[in-house]
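Order-wise, the sequence lines are chains A and B.
Residue numbering for the first sequence follows the numbering used here, starting at 1 and increasing by one per position.
Residue numbering for the second sequence follows the numbering used here, starting at 473 and increasing by one per position.
Treat the hints as calculated values from the structure; they're not laboratory data.
Don't take every hint at face value.
Unchecked claim - Example chain A residues on the side facing chain B (calculated, C-beta under 7 Å, incomplete): (1) Ser215; (2) Val234; (3) Asp401; (4) Ala459; (5) Asp461.
As the list claims (entries may be wrong) - Calculated lysine to aspartate or glutamate pairs in the EDC-like style (CA-CA distance at most 20 Å, straight line): (6) Lys644/B - Glu780/B; (7) Lys644/B - Glu776/B; (8) Lys172/A - Glu308/A; (9) Lys172/A - Glu650/B; (10) Lys172/A - Asp770/B; (11) Lys644/B - Asp770/B; (12) Lys644/B - Asp298/A; (13) Lys172/A - Glu304/A; (14) Lys172/A - Asp298/A; (15) Lys644/B - Glu178/A; (16) Lys172/A - Glu303/A; (17) Lys644/B - Glu775/B.
For every residue, glycine included, the Cβ atom is placed at its ideal position computed from N, Cα and C.
Protein chains: 2
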Amino acid sequence: MSAPPATVLRTGLSALLEAVAAEAPHLDVRAPSAATAPFAWDAGTAPRHGEGVEVDGPAVAFPTTALEVQQLVRLAARYGVSVVPRGAGSGLSGGATATRDQLVVSTDRLDRIVEVSPADEIAVVEPGVLNAALNEHLAPLGLFYAPDPASWRISTIGGNIATNAGGLRCAKYGVTRESVLALDVVLADGSLVSIGHRSIKGVTGLDLVSLFVGSEGVLGIVVAATVRIRPLPVARRTVTAFFASTAAGAAAIGAITASRVRPSVIEFLDEPTLDGIDAANDSGLRTRGAALLLIELDGFGIEEQTAELTTALEAVGARVAVESEADAETLWELRRSGRRLGDGSWFVGGDVAVPKSRIADVFAGFPALEARYGVAVSAVAHAGDGNLHPVITLPIPAGADPATVPAVLHDAADDLVRAALSVGGTVSGEHGIGTVKRDLAAEELIERVRIAQLAIKHALDPAGLFNPGKAL
Amino acid sequence: MSAPPATVLRTGLSALLEAVAAEAPHLDVRAPSAATAPFAWDAGTAPRHGEGVEVDGPAVAFPTTALEVQQLVRLAARYGVSVVPRGAGSGLSGGATATRDQLVVSTDRLDRIVEVSPADEIAVVEPGVLNAALNEHLAPLGLFYAPDPASWRISTIGGNIATNAGGLRCAKYGVTRESVLALDVVLADGSLVSIGHRSIKGVTGLDLVSLFVGSEGVLGIVVAATVRIRPLPVARRTVTAFFASTAAGAAAIGAITASRVRPSVIEFLDEPTLDGIDAANDSGLRTRGAALLLIELDGFGIEEQTAELTTALEAVGARVAVESEADAETLWELRRSGRRLGDGSWFVGGDVAVPKSRIADVFAGFPALEARYGVAVSAVAHAGDGNLHPVITLPIPAGADPATVPAVLHDAADDLVRAALSVGGTVSGEHGIGTVKRDLAAEELIERVRIAQLAIKHALDPAGLFNPGKAL
Chain A
1 MSAPPATVLR TGLSALLEAV AAEAPHLDVR APSAATAPFA WDAGTAPRHG
51 EGVEVDGPAV AFPTTALEVQ QLVRLAARYG VSVVPRGAGS GLSGGATATR
101 DQLVVSTDRL DRIVEVSPAD EIAVVEPGVL NAALNEHLAP LGLFYAPDPA
151 SWRISTIGGN IATNAGGLRC AKYGVTRESV LALDVVLADG SLVSIGHRSI
201 KGVTGLDLVS LFVGSEGVLG IVVAATVRIR PLPVARRTVT AFFASTAAGA
251 AAIGAITASR VRPSVIEFLD EPTLDGIDAA NDSGLRTRGA ALLLIELDGF
301 GIEEQTAELT TALEAVGARV AVESEADAET LWELRRSGRR LGDGSWFVGG
351 DVAVPKSRIA DVFAGFPALE ARYGVAVSAV AHAGDGNLHP VITLPIPAGA
401 DPATVPAVLH DAADDLVRAA LSVGGTVSGE HGIGTVKRDL AAEELIERVR
451 IAQLAIKHAL DPAGLFNPGK AL
Chain B
473 MSAPPATVLR TGLSALLEAV AAEAPHLDVR APSAATAPFA WDAGTAPRHG
523 EGVEVDGPAV AFPTTALEVQ QLVRLAARYG VSVVPRGAGS GLSGGATATR
573 DQLVVSTDRL DRIVEVSPAD EIAVVEPGVL NAALNEHLAP LGLFYAPDPA
623 SWRISTIGGN IATNAGGLRC AKYGVTRESV LALDVVLADG SLVSIGHRSI
673 KGVTGLDLVS LFVGSEGVLG IVVAATVRIR PLPVARRTVT AFFASTAAGA
723 AAIGAITASR VRPSVIEFLD EPTLDGIDAA NDSGLRTRGA ALLLIELDGF
773 GIEEQTAELT TALEAVGARV AVESEADAET LWELRRSGRR LGDGSWFVGG
823 DVAVPKSRIA DVFAGFPALE ARYGVAVSAV AHAGDGNLHP VITLPIPAGA
873 DPATVPAVLH DAADDLVRAA LSVGGTVSGE HGIGTVKRDL AAEELIERVR
923 IAQLAIKHAL DPAGLFNPGK AL
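Just chain A, with the same shape it has in the complex (with noise of 0.2 Å):
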């Protein structure tokens, strides 16, 4: 944020500005700010303790309609000014940061669900809806969309197209890609075109729904989408699977694999993880095992399903147990949210993936990433696909800054991507490249790919209007 004081914006900026006030009064773009500074950061990327929050942001348009960002992205491109969408800003690679002189492109106010098909098997949303405000919409209807990342109550439909996101179902129903089958999108030059289709299946031309899912606002600002819904499954059952160490339950992964039964959901928690949910929360998870694979199941034959399941866990030590309804919200509520983080320790998070089989490879490697940075390493996995979100702590000494993350969190970070890579998984599995991943990503992906990403980019964005420097 190597940033000029507020009063002199910089010319392309302060010359848009103008043009909105001129031209386009109807517009909503406010002008640079302290108010507008939240709008620099994603929930990745914002500073944790509050330094940095009074410098201006950047400016931030909220336009009503497809029209409104059409206009938008012409006045910026006339007077060369970046454009960064941004959906519900919680993203965690800083796909969505932007500095002040760039215009922030807000879907809050393109919040539509525009119409729900449960005989197509398809919405029509806006892409400022929220992941759950959709489903909120959809289960009186019994249907669902079905993917859902841990941010489903705050991320929006156009947020989770931009990044691919995953979630916890989709080792079952895929990742976003899989549930995206057309959109609406504002390209560099403001023409508005539709991509995709309204039929589940379609082959005409390049694949550029699948291009513009995961990519992260470089290629164009997504004003609608149509989305696969799935009807409710018949029976949901979450069972439980507790193991005597981390390395049993991480081994006990590949049970899953040879079965016949495909999980709905499959997270895997160490031990340091039901450590620290218990810590939190007085949980006593500890107290049934020292690792976790908790499942849900989903569909018809429910009890067939749990029959397989229990079989082939028990096979390999597990202790395996049928959950009340109740206890499985519990388990479910402690799952997503029971472990806190950034009290008293810096924390660094990861989004890794790798080969199913090599998940159990992953978490052995702890040990010594922890010996060798003198820092505390531990995770929980989407296990069904091979992500892991790995979680890099080191307590804060007493007079120590918390806002100071010492760089060996990042080194050890950085370490276990690597080691991800070399097992032939990848740098991010669903939060995507950003800012935050960008060296990383050089890393996994050879040269001439990374030429041929860019390439692309250039033909549909040649001046380089939207997110500048992110992703590629």
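Since chain A is already given, all that's left is putting chain B on it; use the hints.
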């Protein structure tokens, strides 16, 4: 095929062939000749009655390694010779057609199953592996590869990827795109790149894998693919639902959607289709009803699924039966290849997809189409995803040329496609655009979208080396 005489090859290709002989004699490249004539066509465009096959075909290369593919692409680039990637040639839209100034790169000898990892739920295969060969390899392991185009016995995984092939089971398991995790691809500059990831999830950079899937060979040549494999379902069951009329059967598709059952396969066969199958096989389907929903359920809770499905279908007038294993096998064989076309009739096939709720509307439009053009129109539908395969026929009068299909059939087919577009459908659900549907694709996609697609093509293949004149 305005080809010059066989002895006067154009400079580009003859120079390339000389260079192969001089520099790379290990490459198996056949010069244009009558023997290569079959490589000028695919299954959808080959002359049905033998004419035209005496004309020389394109040059054809049979690389055995990715390195040889790279060498061929570099030579083609050097001499400005267009490259047409080709799998089994079983495509129906002309995507693999080639002229005698072009170089076909066949994947016939890139046919190794490189790896099967049940623990990672993936297989790594070369593009020339037949879909059926992969599944034969997987079955003893209790695994299967889900996408099952009707051509699965003769089509290759590479061809399936090029067309983003659908099939019967994709109602439940998704199309080819949902089963491809990573690709090794030779780009237009001859470089070999790996895109995607061995993990189930991954969001590092733009999703180039999805861009290549369905790109019909215009972006590069796939030389290896990492695909998802799944455990064979614990149970499979075939259910038939016969109806008193095509309209009643088409309307009943919505009853399945409204239930909570999601069959692995839902095939709808209308009255003329049943008549055609019976005529060719003496199978007696029409004695059971005038339209048929042929359904496969799979997975856990097969009894529960059968009960809910039966209730849903009987409520809309179906005569429902659970078929024995032997009867089921017969029925699926009749569905896949029971109707003989082309004996005594001209015919034109189709492949449109519409939103599920509009399937019945498409069938309801057939009588008007028949009246307007004086042809017969019928269809089978992959009803689970709104994908219809219409067949338009006209008896060949005595003395008429079987090879000269009257324009009226094509006009009727185009009208049918436009009817699909008018209800929010697409001009191709799974066969692709190739050469055959480029004009219709231009009716579906607005110019700005076509410009964007061409810009991406140009970004990856600036000289237009790969499969010019196809898909886009």
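Structure-based check of all given hints:
no.: 1; hint: Ser215; verdict: holds, 6 Å
no.: 2; hint: Val234; verdict: holds, 5 Å
no.: 3; hint: Asp401; verdict: violated, 33 Å
no.: 4; hint: Ala459; verdict: holds, 4 Å
no.: 5; hint: Asp461; verdict: violated, 10 Å
no.: 6; hint: Lys644/B - Glu780/B; verdict: holds, 17 Å
no.: 7; hint: Lys644/B - Glu776/B; verdict: holds, 17 Å
no.: 8; hint: Lys172/A - Glu308/A; verdict: holds, 17 Å
no.: 9; hint: Lys172/A - Glu650/B; verdict: holds, 12 Å
no.: 10; hint: Lys172/A - Asp770/B; verdict: holds, 15 Å
no.: 11; hint: Lys644/B - Asp770/B; verdict: holds, 10 Å
no.: 12; hint: Lys644/B - Asp298/A; verdict: holds, 15 Å
no.: 13; hint: Lys172/A - Glu304/A; verdict: holds, 17 Å
no.: 14; hint: Lys172/A - Asp298/A; verdict: holds, 10 Å
no.: 15; hint: Lys644/B - Glu178/A; verdict: holds, 12 Å
no.: 16; hint: Lys172/A - Glu303/A; verdict: holds, 18 Å
no.: 17; hint: Lys644/B - Glu775/B; verdict: holds, 18 Å
This entry does not satisfy hints 3 and 5, going by the numbered hints stated previously.
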